[in-house]
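Novice: Quick note, the sequences are listed as chains A and B, same order.
Using full-length UniProt numbering, the first residue of the first sequence is number 1, and each one after it goes up by one.
Using full-length UniProt numbering, the first residue of the second sequence is number 1, and each one after it goes up by one.
Calculated from the structure, these hints are not laboratory results.
Wrong hints could be hidden among the right ones.
[Unchecked claim] In silico contact screen, one side only, chain A against chain B (beta carbon under 7 Å); selected entries: (1) Met-35; (2) Thr-97; (3) Ala-267.
[Unchecked claim] Some residues of chain A that are not near chain B, with every Cβ distance over 10 Å (derived): (4) Tyr-80; (5) Phe-211; (6) Glu-299.
Note that the coordinates shown come from a computational prediction; the quantities given were computed from them, not determined experimentally.
The beta carbon of each residue, even a glycine, is placed where N, CA and C say it ideally should be.
Number of protein chains: 2
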Amino acid sequence: MYAFSRAVNSMHSEDIKQLMKQASGKNLISFAGGMPNNDLFPVKQIDEIYNSLPEDLKKLCFQYGPTSGYPPLIKSLKSYLKEKGLPVDENKILITTGSIQAISIVTREFVNEGDIILTENPSFVGALSVFETAGAKIHSIPIDKDGIDIKALKSKIETLDRKPKFLYVTPNYHNPAGIMYTPERKKELLEVLSGTGIILLEDDAYSDLYFNEDEKHLTKPMKSFGVKEVEIIYTGSFSKILGPGFRLGFMLSSEEIFEKAETVKQAMDACTSNFMQILGNEFLAQHKLKPYLEYLRSEYSERKNLLQKHLQAYMPKEITWNEPKGGFYIWLKLPPHIKSTDIFKETVTKGVVFVTGRTFDPASKKDDRLRLSFSNMPKEQIEKGVIILSETIKRAIENSKITLS
Amino acid sequence: MYAFSRAVNSMHSEDIKQLMKQASGKNLISFAGGMPNNDLFPVKQIDEIYNSLPEDLKKLCFQYGPTSGYPPLIKSLKSYLKEKGLPVDENKILITTGSIQAISIVTREFVNEGDIILTENPSFVGALSVFETAGAKIHSIPIDKDGIDIKALKSKIETLDRKPKFLYVTPNYHNPAGIMYTPERKKELLEVLSGTGIILLEDDAYSDLYFNEDEKHLTKPMKSFGVKEVEIIYTGSFSKILGPGFRLGFMLSSEEIFEKAETVKQAMDACTSNFMQILGNEFLAQHKLKPYLEYLRSEYSERKNLLQKHLQAYMPKEITWNEPKGGFYIWLKLPPHIKSTDIFKETVTKGVVFVTGRTFDPASKKDDRLRLSFSNMPKEQIEKGVIILSETIKRAIENSKITLS
Numbered sequence: 001m002y003a004f005s006r007a008v009n010s011m012h013s014e015d016i017k018q019l020m021k022q023a024s025g026k027n028l029i030s031f032a033g034g035m036p037n038n039d040l041f042p043v044k045q046i047d048e049i050y051n052s053l054p055e056d057l058k059k060l061c062f063q064y065g066p067t068s069g070y071p072p073l074i075k076s077l078k079s080y081l082k083e084k085g086l087p088v089d090e091n092k093i094l095i096t097t098g099s100i101q102a103i104s105i106v107t108r109e110f111v112n113e114g115d116i117i118l119t120e121n122p123s124f125v126g127a128l129s130v131f132e133t134a135g136a137k138i139h140s141i142p143i144d145k146d147g148i149d150i151k152a153l154k155s156k157i158e159t160l161d162r163k164p165k166f167l168y169v170t171p172n173y174h175n176p177a178g179i180m181y182t183p184e185r186k187k188e189l190l191e192v193l194s195g196t197g198i199i200l201l202e203d204d205a206y207s208d209l210y211f212n213e214d215e216k217h218l219t220k221p222m223k224s225f226g227v228k229e230v231e232i233i234y235t236g237s238f239s240k241i242l243g244p245g246f247r248l249g250f251m252l253s254s255e256e257i258f259e260k261a262e263t264v265k266q267a268m269d270a271c272t273s274n275f276m277q278i279l280g281n282e283f284l285a286q287h288k289l290k291p292y293l294e295y296l297r298s299e300y301s302e303r304k305n306l307l308q309k310h311l312q313a314y315m316p317k318e319i320t321w322n323e324p325k326g327g328f329y330i331w332l333k334l335p336p337h338i339k340s341t342d343i344f345k346e347t348v349t350k351g352v353v354f355v356t357g358r359t360f361d362p363a364s365k366k367d368d369r370l371r372l373s374f375s376n377m378p379k380e381q382i383e384k385g386v387i388i389l390s391e392t393i394k395r396a397i398e399n400s401k402i403t404l405s
Numbered sequence: 001m002y003a004f005s006r007a008v009n010s011m012h013s014e015d016i017k018q019l020m021k022q023a024s025g026k027n028l029i030s031f032a033g034g035m036p037n038n039d040l041f042p043v044k045q046i047d048e049i050y051n052s053l054p055e056d057l058k059k060l061c062f063q064y065g066p067t068s069g070y071p072p073l074i075k076s077l078k079s080y081l082k083e084k085g086l087p088v089d090e091n092k093i094l095i096t097t098g099s100i101q102a103i104s105i106v107t108r109e110f111v112n113e114g115d116i117i118l119t120e121n122p123s124f125v126g127a128l129s130v131f132e133t134a135g136a137k138i139h140s141i142p143i144d145k146d147g148i149d150i151k152a153l154k155s156k157i158e159t160l161d162r163k164p165k166f167l168y169v170t171p172n173y174h175n176p177a178g179i180m181y182t183p184e185r186k187k188e189l190l191e192v193l194s195g196t197g198i199i200l201l202e203d204d205a206y207s208d209l210y211f212n213e214d215e216k217h218l219t220k221p222m223k224s225f226g227v228k229e230v231e232i233i234y235t236g237s238f239s240k241i242l243g244p245g246f247r248l249g250f251m252l253s254s255e256e257i258f259e260k261a262e263t264v265k266q267a268m269d270a271c272t273s274n275f276m277q278i279l280g281n282e283f284l285a286q287h288k289l290k291p292y293l294e295y296l297r298s299e300y301s302e303r304k305n306l307l308q309k310h311l312q313a314y315m316p317k318e319i320t321w322n323e324p325k326g327g328f329y330i331w332l333k334l335p336p337h338i339k340s341t342d343i344f345k346e347t348v349t350k351g352v353v354f355v356t357g358r359t360f361d362p363a364s365k366k367d368d369r370l371r372l373s374f375s376n377m378p379k380e381q382i383e384k385g386v387i388i389l390s391e392t393i394k395r396a397i398e399n400s401k402i403t404l405s
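Sequences are here, hints too, so could you generate the full structure?
Specialist: Here is the structure:
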């Protein structure tokens, strides 16, 4: 039912659509949705902000705004991005209607039907849906626990007969893989792209959601590395730090890319809601973000710990995963002969859902993984969900042994 | 500075861009902006709605929603559109991020680069900007005081070597022309399109803003006429009945067109803000729209009357216009040898701005008109603005006589 079920649907066959329909019923234990938890939204803070807006500002909420964004929000974002080390003064910020619109704008700006886009495999399904709708040819590069496979990336670029328009990556607390690029891997990635003319589209929706203050430095965006030989477009979102319902995102790019992006955005929706931008800006400008993020980190970290604990307790030894250090996701690896989609078909009848591995493969094939999201999960349901899931997987492993023997 | 200045800019030369920059200063008397008046927004009503939302609904404001729209809003819109006689049960509603997004989606769905789109001349600049960004070839058909020129439309369709993808029209309280299609003209238009396979894109942002209850029946949409031989996509907006800052629009179309439109929207911004949809829905569901529209109509009607009165008092007899019966605009006609852009260059230095005629011509040429918007105008400024404008025009007429003689 939610935003990306459509993308999931469009990439899958009738059986999954049916299962999705079943899964939209009541009383489900859902590890599926990649959205924040309803009970964690800063409702009280936004109430306070809204009710103390001066009359003039409140009226402005109802009005059109500039296509590039509400100027005070752009100013607040500058400070926010500067703290991440990003070169805000030499670049321009465009406010977008969610970061998916930023990805859509960049695609519209650079990609014609049949053009090549490079992605990670697995990759964010929302972005894949944008690229597919644009008629792009997606070539995907595997990732490991430290980031994109550099050798595979290099060899892909060398063997392609045309230059890809851009490489799309989500290096921090990857969706769905839950991994974090190491600083070395980020550097190597930039080295491979240097001089190729391939743009890097660096999507960074989760970097504020680290679980351990010591690891904050690992979230440093590649756009802050000062590498002049790679054109980097950096995108971000308020969806994980305020709420997806605001539909607020942004992109930071060179002035040249910004100028055309502004025209493309103009033709998409004229401007992003002033109402949402004004509330979002006050949230930043009144310094409500930092304490709220501290609260969010501890809440999500607690959920991750619970899921990690129960997975360790109940999962058969054949199942492996990396414990995430931030973000929303655990990315379970199944034995090669077990398919995520088959597991799903079983668990959904028992009231447990997740997102199947092949959803995140641009070719909709690789199906030996499953994504568990702990973000939108009542804590007390985690154990029961894991028990049902692990029993189903155990049975599948048993059955496959019988079949194989 | 506002949303469509970009579109205006992109269609015009450096000199107009400069003038626009000058015009964004303070203390201007502006007949330019096609936006509602800040002082007329339903701020108090939205305050009440927001502060009485149940906790669960408030949390939902922050969350993702379905790509097609927030289901209770779709339900409320059904009632609203049913009252206009629209066939809501045989069609599907897609909520969009402003009606400009609906136009953008339809364009994306049907138009490839080089494809032909038919428009009125003059036409809404925001739509023209969408069509141009898509690389469409725009062929425009003149309109008169009763609607599109039927003979010209017919002959255009006959002489084109390819079938246009759609015809885009704004039949009710036209922007910029301020006119209203007669029921006969609407019928003739449908007859011409019947059997051609050309889709009709009927954009209806202003139909609730009639000045006289007796004329309400004239706003009847063509999609309500029951003509099966023409595929009609109907678009509408909350921008004029609630506020552009909400970025809420919608399209009503056949299920087939809806399905693809939903996928296109998914790739544009995933979903429209739940926050804005929930507030918008409560505004409709709590029956706050009708009394608010009554208030709006009387306010805009009063402004129109003032502008009409002062134009009659001060304009030289060579200047003609049709008194609008609703909407936001008066469309002045200059003598053929006087250019709207030249008048603008004069008045802007005296602190009065409007939008030049050629802005609304897809070919950016026809410049014998100027658009005066009375919607966003403090009432007490109207007379002074008209005096400055009419004196400038008088002088231009005098000068042209001297030059001609």
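Novice: Could you run down the list of hints and mark each one as holding or not?
Specialist: These are the hints, each one checked on the structure:
no. : hint    : in the structure
1   : Met-35  : holds, 5 Å
2   : Thr-97  : holds, 4 Å
3   : Ala-267 : holds, 4 Å
4   : Tyr-80  : holds, 19 Å
5   : Phe-211 : holds, 22 Å
6   : Glu-299 : holds, 15 Å
The structure meets every hint from the earlier list without exception.
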